Amino acid sequence: MLPANSQRHAGRYAAFAHRLSGVLLAVFLPFHFLALGLAIEGEARLDSFLAWSDQPLVKIAEWGLVTLLSVHLLAGLRVLTLEFLPWRGPRKAWIAVGAIVAALTGILFFVSASA
Amino acid sequence: MPAGISPFSCANGGGRRYSGIMSNTSSTLDVRIWRGGEDGAFQPFSVPRQEHQTVLDVVTYVQRELDPTLAYRFACRVGMCGSCGMTVNGRPRWTCRTHVETATRGSDVLELAPLRSLPIIRDLVTDMTPFFEKWQTAQGRATGSKTRADDTQKIDPASPRRQAADAAIECINCGVCYAACDVVASDPDYLGPAALNRAWTLMNDDREADRAGVLEAATAGGGCHSCHSHGSCVEHCPVGLNPSAGIAGLKRLSLLAMVGGKI
Amino acid sequence: MQAAALLFLAQRASALVLAPLVLVHLGLAIYAIHGGLTAAEILGRTQGSAGWTLFYGLFVVAAAVHAPIGLRNVLREWLGLKGLGVNLVLVGFGAVLLLLGLRAVAAVTGI
Chain A
1 MLPANSQRHA
11 GRYAAFAHRL
21 SGVLLAVFLP
31 FHFLALGLAI
41 EGEARLDSFL
51 AWSDQPLVKI
61 AEWGLVTLLS
71 VHLLAGLRVL
81 TLEFLPWRGP
91 RKAWIAVGAI
101 VAALTGILFF
111 VSASA
Chain B
1 MPAGISPFSC
11 ANGGGRRYSG
21 IMSNTSSTLD
31 VRIWRGGEDG
41 AFQPFSVPRQ
51 EHQTVLDVVT
61 YVQRELDPTL
71 AYRFACRVGM
81 CGSCGMTVNG
91 RPRWTCRTHV
101 ETATRGSDVL
111 ELAPLRSLPI
121 IRDLVTDMTP
131 FFEKWQTAQG
141 RATGSKTRAD
151 DTQKIDPASP
161 RRQAADAAIE
171 CINCGVCYAA
181 CDVVASDPDY
191 LGPAALNRAW
201 TLMNDDREAD
211 RAGVLEAATA
221 GGGCHSCHSH
231 GSCVEHCPVG
241 LNPSAGIAGL
251 KRLSLLAMVG
261 GKI
Chain C
1 MQAAALLFLA
11 QRASALVLAP
21 LVLVHLGLAI
31 YAIHGGLTAA
41 EILGRTQGSA
51 GWTLFYGLFV
61 VAAAVHAPIG
71 LRNVLREWLG
81 LKGLGVNLVL
91 VGFGAVLLLL
101 GLRAVAAVTG
111 I
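Here the protein sequences line up with chains A, B and C, keeping their order. Take the first sequence: its letter number 62 is residue 62 in the working numbering, and every next letter is one higher. Take the second sequence: its letter number 134 is residue 134 in the working numbering, and every next letter is one higher. Take the third sequence: its letter number 2 is residue 2 in the working numbering, and every next letter is one higher.
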């Protein structure tokens, strides 16, 4: 079997991050809707779920989701730019900036959650 | 340096069988070359290292000195024809224009395989038929409307459309972008960067008489909308073309056509 | 109108709708997580609010379009799955997102 192609360039990493974050978010979304839908059964029901979610593992998962959403948004904005705005290079700097902004968003969430 | 004359000496040289400065370096390259078809395997060879050695030099040495049954393609060997495309240490490139130093980056290992995403005929030789068939499917061929009795089409070389076409017409169909593209590798329907790049040049060519046909072919299933803008084509094109940008242009034209705009 | 072009349009259009909504949502999440989440805080903001109903209603519809089309590419390219069956499954997934999502919007806004 031929080994996989091993090109390493920023555009490919950005695309993989965009795709992976999208898949994980898509999987998460129905559960998010179900959790929020608990409010139908009244405030107390939602509160008991929120109390359950107030544990470290869940908080880390929430941080992960916030970061994934940021990654997906920023990578997506780059794709929209490449496709619809006049071409001015592959905007590789955006990939580094996007990664940093996404990380910062996650950190911000974490800091806010811990306060 | 191996002594003796190979039974495959070239007629016009006698003795000097490979380019590059003969040096007395004692280091050797650990070369692994794909042999056989899809179900083949890598075969190891030891090749003497030389200054300014290109990957094509290495392949040539193997075929002439070590194993005459090795099949590989080349023609001009000076970076003009695009025939020598192969996968070199995981990246698709022209072997005549790739120095061993660049490909190995300080190591002594050189792994050579045929271009990805094309059927393997044998060893390093691929069947380019699917590549050219997709070219046709994208309607990457010009359709004229004038006869010798008509005036020639006036084209302003400085016009944005002509500049867009000029930026993309140097493609010599080497297949490196096709091999580099992840979507080509994972979606058999995808026409690929080269075919769509050609369609883009036709869309910008004032002489093209069937732009509607070209756009329809380029935007069908497997066309430009399958591109995810990874940019591997741009990264690897040895001629410095930008199929990604052309494909983005096709996407914009497609949307324009959808809303009834003039394409 | 070709299917590939339509899906592309839907994907990019839903992305353009989602971008500002996601930004607001991220900001809200960072703000709201401060001091812990309670149902009272969430519902106090959203209950009976026409604004939030519209915001999240639009969010759900756009996401229900965007996610299945994105997944379709992943299924095609990474798992080699294509054809009518796969398309139907994805339409089904979109419907599930729409239903659960609008139910969640109704739940938190009290509509």
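Quick caveat, the hints were computed from the structure, so don't treat them as lab data. You may find that some hints are simply not true.
[As the list claims (entries may be wrong)] Sample of chain B residues lacking proximity to chain A, with all beta carbon distances greater than 10 Å (derived):
#1 Thr104
#2 Asp108
#3 Asp127
#4 Asp156
#5 Asp182
#6 Gly231
#7 Ser232
#8 Glu235
#9 Pro238
#10 Ala248
#11 Arg252
[To be verified] What follows is a set of in silico ranges between Cβ atoms, one per label pair, in the way DEER data are often shown:
#12 B:Ile169 <-> C:Gly83: 36 to 44 Å
#13 B:Asp210 <-> C:Leu6: 18 to 26 Å
#14 C:Pro20 <-> A:Leu20: 45 to 53 Å
#15 B:Ser159 <-> A:Ala35: 38 to 46 Å
#16 B:Asp210 <-> C:Val74: 55 to 63 Å
#17 C:Pro20 <-> A:Leu104: 32 to 40 Å
#18 C:Gly48 <-> A:Ile100: 24 to 32 Å
#19 B:Met258 <-> C:Ala32: 36 to 44 Å
#20 B:Asp210 <-> C:Ala32: 37 to 45 Å
#21 C:Val74 <-> A:Leu77: 37 to 45 Å
#22 A:Trp52 <-> B:Asp127: 15 to 23 Å
#23 B:Gly240 <-> C:Arg103: 50 to 58 Å
[Unchecked claim] For the chain C half of the interface with chain A, some residues (derived, Cβ under 7 Å), not all of them:
#24 Val24
#25 Gly27
#26 Leu37
#27 Ala39
#28 Gly44
#29 Gly51
#30 Leu54
#31 Arg103
Quick caveat, the model's predicted, so the values are computed rather than measured. For every residue, glycine included, the Cβ atom is placed at its ideal position computed from N, Cα and C.
Tested hints:
1. For Thr104 of chain B, the shortest C-beta to C-beta distance to chain A comes to about 13 Å, beyond the 10 Å cut-off, and the non-interface label holds.
2. Non-interface call for Asp108 of chain B relative to chain A: holds, since the shortest CB-CB distance, roughly 18 Å, exceeds 10 Å.
3. With a least beta-carbon separation of about 15 Å from chain A, Asp127 of chain B lies farther than 10 Å from that chain, consistent with its non-interface assignment.
4. Even its closest Cβ contact with chain A, about 20 Å, leaves Asp156 of chain B beyond 10 Å, as expected for a residue assigned away from the interface.
5. Listed as a non-interface residue, Asp182 of chain B fails to keep its Cβ farther than 10 Å from every Cβ of chain A; the least gap is roughly 7 Å.
6. The Cβ of Gly231 of chain B sits about 4 Å from the closest Cβ of chain A, inside the 10 Å cut-off, so the non-interface label is violated.
7. For Ser232 of chain B, the requirement that its beta carbon stay farther than 10 Å from each beta carbon of chain A is not met, with the minimum near 6 Å.
8. For Glu235 of chain B, the condition that its CB be more than 10 Å from all CB atoms of chain A is violated, with the nearest at approximately 5 Å.
9. No Cβ of chain A approaches the Cβ of Pro238 of chain B within 10 Å, the least distance being about 14 Å, so the stated non-interface status holds.
10. Against the 10 Å criterion, Ala248 of chain B falls within the reach of chain A, whose nearest CB is about 5 Å from its own CB.
11. In this structure Arg252 of chain B is not separated from chain A by more than 10 Å, as the shortest Cβ-Cβ distance comes to only about 7 Å.
12. Distance hint check for Ile169 of chain B and Gly83 of chain C: the Cβ-Cβ separation is about 37 Å, which falls inside the suggested range of 36 to 44 Å.
13. For the pair Asp210 of chain B and Leu6 of chain C, the supplied restraint of 18 to 26 Å holds, since their beta-carbon distance comes to about 23 Å.
14. Evaluation of the 45 to 53 Å hint for Pro20 of chain C and Leu20 of chain A yields a failure: the beta carbon distance comes to about 24 Å.
15. For the pair Ser159 of chain B and Ala35 of chain A, the beta carbons lie near 57 Å from each other, so the given range of 38 to 46 Å is not met.
16. Taking 55 to 63 Å as the suggested C-beta distance range, the pair Asp210 of chain B and Val74 of chain C does not conform, at roughly 35 Å.
17. The supplied range of 32 to 40 Å is broken by Pro20 of chain C and Leu104 of chain A, whose beta-carbon atoms lie about 19 Å from each other.
18. Distance hint check: the CB atoms of Gly48 of chain C and Ile100 of chain A are about 39 Å apart, inconsistent with the given range 24 to 32 Å.
19. Checked against the hint of 36 to 44 Å, the pair Met258 of chain B and Ala32 of chain C passes, with Cβ atoms roughly 40 Å apart.
20. Checked against the hint of 37 to 45 Å, the pair Asp210 of chain B and Ala32 of chain C fails, with Cβ atoms roughly 57 Å apart.
21. At roughly 20 Å, the beta-carbon separation of Val74 of chain C and Leu77 of chain A lies outside the given 37 to 45 Å, and the hint is violated.
22. In this structure the hint that Trp52 of chain A and Asp127 of chain B lie 15 to 23 Å apart at CB is violated, the actual value being about 59 Å.
23. The beta-carbon spacing between Gly240 of chain B and Arg103 of chain C, approximately 53 Å, falls within the hinted interval of 50 to 58 Å.
24. For Val24 of chain C, the shortest C-beta to C-beta distance to chain A is roughly 11 Å, which exceeds 7 Å, and the interface hint is violated.
25. With its C-beta approaching chain A no nearer than about 9 Å, Gly27 of chain C sits outside the 7 Å limit, and its interface hint is violated.
26. With its C-beta approaching chain A no nearer than about 5 Å, Leu37 of chain C sits inside the 7 Å limit, and its interface hint holds.
27. The restraint placing Ala39 of chain C at the interface with chain A holds, with a minimum CB-CB distance near 4 Å, inside the 7 Å limit.
28. For Gly44 of chain C, the shortest C-beta to C-beta distance to chain A is roughly 10 Å, which exceeds 7 Å, and the interface hint is violated.
29. Proximity of Gly51 of chain C to chain A is violated relative to the hint, the smallest CB-CB distance being about 17 Å (cut-off 7 Å).
30. Nearest Cβ of chain A to the Cβ of Leu54 of chain C: about 16 Å, over the 7 Å cut. The hint is violated.
31. For Arg103 of chain C, the suggested interface contact is upheld, since its CB lies about 5 Å from the closest CB of chain A, less than 7 Å.
The structure does not agree with the numbered hints 5, 6, 7, 8, 10, 11, 14, 15, 16, 17, 18, 20, 21, 22, 24, 25, 28, 29, 30 stated previously, though it agrees with the rest.
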